[in-house]
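Residue numbers (my numbering), protein chains in the order written: chain A, 1 to 319; chain B, 1 to 556; chain C, 1 to 296.
Warning: the hint list may mix true and false statements.
[Unchecked claim] Derived contacts from chain B toward chain A, CB cut-off under 10 Å, selection only:
1) Ile65
2) Thr160
3) Gln225
4) Gln229
5) Ile251
6) Ser258
7) Ile260
8) Ile267
9) Thr310
[Stated by the list, open to error] Not close to chain C: a few residues of chain B, all C-beta gaps over 12 Å, as computed:
10) Arg118
11) Phe130
12) Glu233
13) Val365
14) Lys401
15) Ile554
16) Glu556
The set of hints was computed from the structure by calculation and includes no laboratory data. Note that the Cβ used here is the ideal one computed from N, Cα and C, for glycine as well.
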Amino acid sequence: MWSYIFKRILVAIPTLLIISFMIFSLLYITPGDPVLLMLGSGDTQSVSQEQYDAVRAELGLDKPFFERYMDFITGAVTGDLGTSYITGEDVFDTVMMRMPATLILTVASVLVGLLVAVPLGILAAVKHNSIWDSIATFLATIGVSLPKFWFGLVLIIYLSLRLKIFPSQGIAYIDRDGLGAFLSHLFLPAVSLGLGLAATQTRMIRSSMLEVLNQDYIRFAKSKGFKDKIVIIRHAFKNAMIPVVTVLGSEIGALLGGAVVTETIFSWPGVGRLAMNSIARRDYPMIQGNTLILCAIFLLINLFVDIIYAWLNPRIRLN
Amino acid sequence: MKKRFISVILSAMMIMTACAPKEETTSTVASKQSEKNEDIQATEAAEETSSSTGKTITIGTPYTIDTFLPWDFTSDGDRYVISNVYECLFEYDANTCIPVLAESYTNPDDCTWDVKIRENAYWHTGNKLFGDEKVQIKAEDVKWVMDWTMDPANGSKQQTNLSSVVSSVEVLDDFTLRFTTPEPKALFLFTLSRVMIFPKKAIDEGFDLNAWPVGSGAFKYVSYQTDDQVVLEKNSDYYITPNVDEVIFKIIPDKSVSAIALQNGEIDITAQVLSTDIDAIAAQEDLELVPNTLGWYRYAGFNCKDPLFTDPEIRKALTMAVDLDAAVDAIFKNSAGVKLAVRAYGPIPLELPGADETLWKENAVAYDPEGAKKILESKGWKTGADGIYEKDGKKFSFTIKTPNNDNNRVKLGTIISTQLKQIGIDCVAQPTEWATMLTDIKAGETQMFVMGGGSSLNGMEMLFHTTLSQSNSHRVFYDNPECDALIEKAAVTIDPEERGKVLADASSMIVKDAVHMFGYFEYVQIGMNKKVTDFEKAPTLWYSLCNGYRNVGISE
Amino acid sequence: MKKEIINDDFSMVPAKSYWSDVGRRFLKNRIALLGALILGIIVFMCAAAPLFTQYDPVKDMVLGDMLLPPGTPGHILGTDDYGRDIFSRLLYGGRTSVLTGLSVAIVSAAVGVTLGCISGYFGGIIDNLIMRFTDIMMSFPFLIIAIAIMAALGSSQKNIVIALAIVSWPRFARLTRGQVLSIKTQEYVESANTAGYSDMRIMFNHILPNCMGPIIVQLTLAVGSAILSAASLNFLGLGVDASLPDWGVMLNQGRNYLQTASYLTTIPGIAISLTVLAVNWIGDGLRDAFDPRLRV
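Chain A with its partners taken away, still in its complex shape (with noise of 0.2 Å):
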């Protein structure tokens, strides 16, 4: 297992050199110039083409492509990842900044999201197609049908705006505005992300129970003394749970992403929006940076599943 676990960490970085050449090479051809969104295009400012010359100079925006990508693998392998265009703050450090914020909500909503998916999932499929598991199905489809703005905005209009049960907006911190504050800010945000994954989970658990339910062993256990019949359930319950954690560790390193949309109706100071922001201002060391970033969380975390499948499924092995 450890010599599993430690070359999956070195298959890791022929994975990062590639994921860093390829998000060099898309940005290289998307539009937008980073030079005029950082000068300011607006009416109050004039540049000439000097002073632009000088910043893309300074920016090293004049190198050739390759040049450019090698200054970028040279300092990504010593642990620099540049500086931001737009802040001159270090990447790792801006990204970091905002990661405690973004790994508090994933595991809010994570719960918020199991809480709902795992009683109503089993339910659903103890209850094969009863009107529970029409009830079911019918709340996840509208979970994966509207999108996550229509979550957010009405949670606050009702649950802020009309009841006056929750802060509309913002972050609290337990050192700066204590225990009670820090929790309700974080509700809202928590469930309307948590009712999106509930969404997918309650699908997913019922198919997987339903595969429980109807295999040949768990009759066959039917006929065996208790003690054994714990034992094949439990076998099966867990072999049966693989899709279920596949899912979430996809969701679960999609949430570490940053929930651009959730972030920002919810004023939550994560890395979505520190990702959608330098996007749109094209700040290439910062999307570079967050990319690689989120690449070695992502293979992390399927490392991780992986581990799991074993324990879930002692067969299976890893190799």
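Starting from the known structure of chain A, arrange chains B and C on it as the hints suggest.
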């Protein structure tokens, strides 16, 4: 910043333990609600105790903070904060010049400006740069900033602006400066309103002004929590005592949510109320809407170089086909009857010199779709089998690009395209990502585009001059030497009335040639709690909340 | 000899009769048929839109009639903020939305399932290559992909489908691989192996039918999210024309009217939900039909 980072991590760790009990309570909704109510009461109570020690005004801004560097910012959101911490010599609200660090100016001849600065201006104390030492600002400090800004090596974003109007700066005495301009410059004072004065000491000592801004404004920097809020406190050394003790800028990226936060009393001012939220704010007794002093110009520009649009008659015909009055009404309709925008008949905001609606209307074409068809037909366009005009086998078909970050502009573009479709022109409205849009306009890769801008004293230059325009987001490739000459003349005409006449002439040429489909002047509404005082005197966040002109406060 | 090795009777069923069995089981499933009926009605109404409405969804814009509530005579579902008939926009918009939703789901499932199957079945270096590639695709910024596609290929509905398929297939791949890994360990697959069946036959006849459950769930849900994501791509400039109707675009258009004219979002929202629900029911039916152990 490091400290904040650590405490955020601590919060993150605490939530891991704190989350479990929170989830358990969801089973009993009632108990949950009362718990939450207590939370809110608790925070309110906490706020009350803090307000007994001081008055806080909380302002919602939709913009992310890019930088605190006084020479480096370009975004409105940065300016909101920076203008409270730093001072410029003059502020310029629409057409009104307000002295800030300057006290007065004289204009002995057209190319000389003597500016006297206040004798009671000091750099902020209580920071690592100046400690508790009260250091006075003198003329030489200001001269240094001007010279520093004009030196291209320093990369100030104001370098081009300032160098184009100032040729040299001299110190006459401790508090008087003499600016010399290469030729008479009508926009001299206006240009100075963009240049913030910052301490030389910071540059000399390598002090990081981005991490801790130190200026001479009415408010001192306290803290910035990433993407969350900026806190400023009052500068008691300022020559006017600010009416608030603390200013908090809350970053709320979604404008609708910001309006809700205002309705909830979470913030006192919101920077911009969307037209769709106007009714809700207007309906609430304790809130009011304050329109921006200046109507921002929004238009649909033709690329005059595009083969379809080289002929002004065609541009006129297309303009005639669109009911712009109805379009503007539809975009800004609200039942509260708030004036959100007025129809534009020319390119200069009505508050600025050069705006002359009567003259424009004389030169403009009116809504007349039948007339439009006649012009098109007289130019050889014929309706094809599919009802679309064609000429020499080519269809009259083009794209109008609209920036996707402003719903009103997308709407204007969509209405224009639909009404053109109605008379048989295949016009596609394409929302376009902002950065792509700018590149396209700069490269001339547009046919028509919806844009906004030029809503300042140098607007005509920005929008239409072939060479002087250093702004890349308005390229219509309108090439008229006569018009250029008038704009150049305006730039060296100091007398405002005279200048206005020249600009009016230039702008009516634009109207006559239908270079733009003139859209509207948008009066952006700032939403405000009625307990905020003195704000509406200069209803903008662009300038300091406390200067010689206004001193924003908050009543209990 | 085979009988001795293969102890699961299903895997012995010859492929042909298994697939016809699937069809028979599906037709016996009432909820699945209801789903198919709903989807059929939706598709028919959208395709034959001019039969049901006399309004043109784009050109019939009467600015004076904007934001009429549902039930207004002449406008059964009201008008939008441009004064266009919502019912007609809903019907015409369904043409693009349903097509986009289904094609994105099917294309990305086809790609993802194939790659996932190969990855899980062969394992080792192939698995590592394919899975690291999915990791890359999952962490790639979607916006950049969309903007680059728009720049390179131009704006069209087809390119929207391409962009969405590029970002959705990795989930199918991971899901399928996970299933294959676990099913691969079952006795009957191992015995099929020893029996000398070809890899293709084992993959498609023995393994794939057993991982259909989660794949179908993912596929049906992908229909909804594709319709929604298509709208955001439209707004980025990947779309053809802002004035063309599209369910996702209609939803976004109503965003600022949630308090004043909530029907602008609820109507397209219901349309999307109904489609996704129908597809889900069909999916459930398929799942049951595919499940060889679930005898109807």
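Evaluate the condition: distance from the CB of isoleucine 554 of chain B to the nearest CB of chain C exceeds 12 Å.
-> The claim holds: isoleucine 554 of chain B sits with its nearest Cβ about 27 Å from chain C, beyond 12 Å.
Restraint outcome when glutamine 225 of chain B is required to lie within 10 Å of chain A by C-beta distance | holds (7 Å)
Arginine 118 of chain B and chain C, when compared Cβ to Cβ, separated by more than 12 Å = holds (45 Å)
Non-interface claim for glutamate 233 of chain B, where every Cβ of chain C lies beyond 12 Å = Holds, because the least Cβ-Cβ distance between glutamate 233 of chain B and chain C comes to about 36 Å, which exceeds 12 Å.
Report holds or violated for the interface hint on isoleucine 267 of chain B, using the least CB-CB distance to chain A and a cut-off of 10 Å.
-> holds (8 Å)
Minimum beta-carbon distance criterion (10 Å), serine 258 of chain B to chain A = holds (7 Å)
Exclusion check [glutamate 556 of chain B not at the chain C interface, CB over 12 Å] = The assertion about glutamate 556 of chain B holds, with a minimum of 30 Å to chain C.
Regarding the hint that threonine 310 of chain B lies at the interface with chain A, is the smallest CB-CB distance below 10 Å?
-> violated (26 Å)
Mind checking the CB of glutamine 229 of chain B against every CB in chain A and telling me if the closest is under 10 Å?
-> holds (8 Å)
Could you check if isoleucine 65 of chain B really has its C-beta closer than 10 Å to a C-beta on chain A?
-> holds (8 Å)
Once the closest CB in chain C is found, is it more than 12 Å from phenylalanine 130 of chain B?
-> holds (43 Å)
If you take the shortest Cβ to Cβ gap from isoleucine 251 of chain B to chain A, is it below 10 Å?
-> holds (6 Å)
The structure shown violates the earlier hints numbered 9 and 14.
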